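First residue of the sequence shown: 3, per the numbering used here; consecutive thereafter.
Worth flagging that the hints you see were computed from the coordinates, not collected in a lab. Watch out, some of these pointers could steer you wrong.
Claimed, not checked - Okay, the calculated beta carbon distance ranges per label pair:
#1 110 with 79: 34 to 44 angstroms
#2 79 with 111: 36 to 46 angstroms
#3 36 with 92: 37 to 47 angstroms
#4 59 with 92: 13 to 23 angstroms
#5 42 with 109: 27 to 37 angstroms
#6 52 with 110: 15 to 25 angstroms
#7 82 with 53: 11 to 21 angstroms
#8 82 with 111: 33 to 43 angstroms
#9 115 with 36: 33 to 43 angstroms
The structure displayed is predicted, hence computed values, not measured ones. Even for Gly, the Cβ is constructed at its ideal location relative to N, Cα and C.
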Amino acid sequence: MEKPRKGKSKGRTPLFEDSFKIAVAREYILGDYSARQVGKKYNLNSDNVFYFVKWYNKHHPDPAPETSSPAELRPSNTPKLEEELALAKLKITALEMLIRNAEREMGVDIVKKPGTKQ
Numbered sequence: 003m004e005k006p007r008k009g010k011s012k013g014r015t016p017l018f019e020d021s022f023k024i025a026v027a028r029e030y031i032l033g034d035y036s037a038r039q040v041g042k043k044y045n046l047n048s049d050n051v052f053y054f055v056k057w058y059n060k061h062h063p064d065p066a067p068e069t070s071s072p073a074e075l076r077p078s079n080t081p082k083l084e085e086e087l088a089l090a091k092l093k094i095t096a097l098e099m100l101i102r103n104a105e106r107e108m109g110v111d112i113v114k115k116p117g118t119k120q
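All chains, please: the whole structure from these sequences, using the hints.
This is the structure in structure tokens:
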């Protein structure tokens, strides 16, 4: 959801939706394609892709990875789990886009804002 603007000249209008930035950044972060390939797919240059990744890491930080992960504790079906994780992340992106579109069409805030009282 776009942040509310106070007054007429408070900042520029964003060129890209947040959901689009998330989709591009996640596709690059998954590591299957280079920044140039992802940019070509979405008609962007690689600088835009790197900016989206930087923006994504700033606004959606991943939990800190564990520093000690012995090889014995890693499951043998790691590729399968990584594939399931990638599909789950894509599903989350799709649901975020769906919520954003529903908010825009209905004109109602669906997602709870951080800091609101319960």
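These are the hints, each one checked on the structure:
no., hint, in the structure
1, 110 with 79: 34 to 44 angstroms, "holds, 42 angstroms"
2, 79 with 111: 36 to 46 angstroms, "holds, 41 angstroms"
3, 36 with 92: 37 to 47 angstroms, "violated, 19 angstroms"
4, 59 with 92: 13 to 23 angstroms, "holds, 18 angstroms"
5, 42 with 109: 27 to 37 angstroms, "holds, 36 angstroms"
6, 52 with 110: 15 to 25 angstroms, "violated, 35 angstroms"
7, 82 with 53: 11 to 21 angstroms, "violated, 33 angstroms"
8, 82 with 111: 33 to 43 angstroms, "holds, 38 angstroms"
9, 115 with 36: 33 to 43 angstroms, "holds, 36 angstroms"
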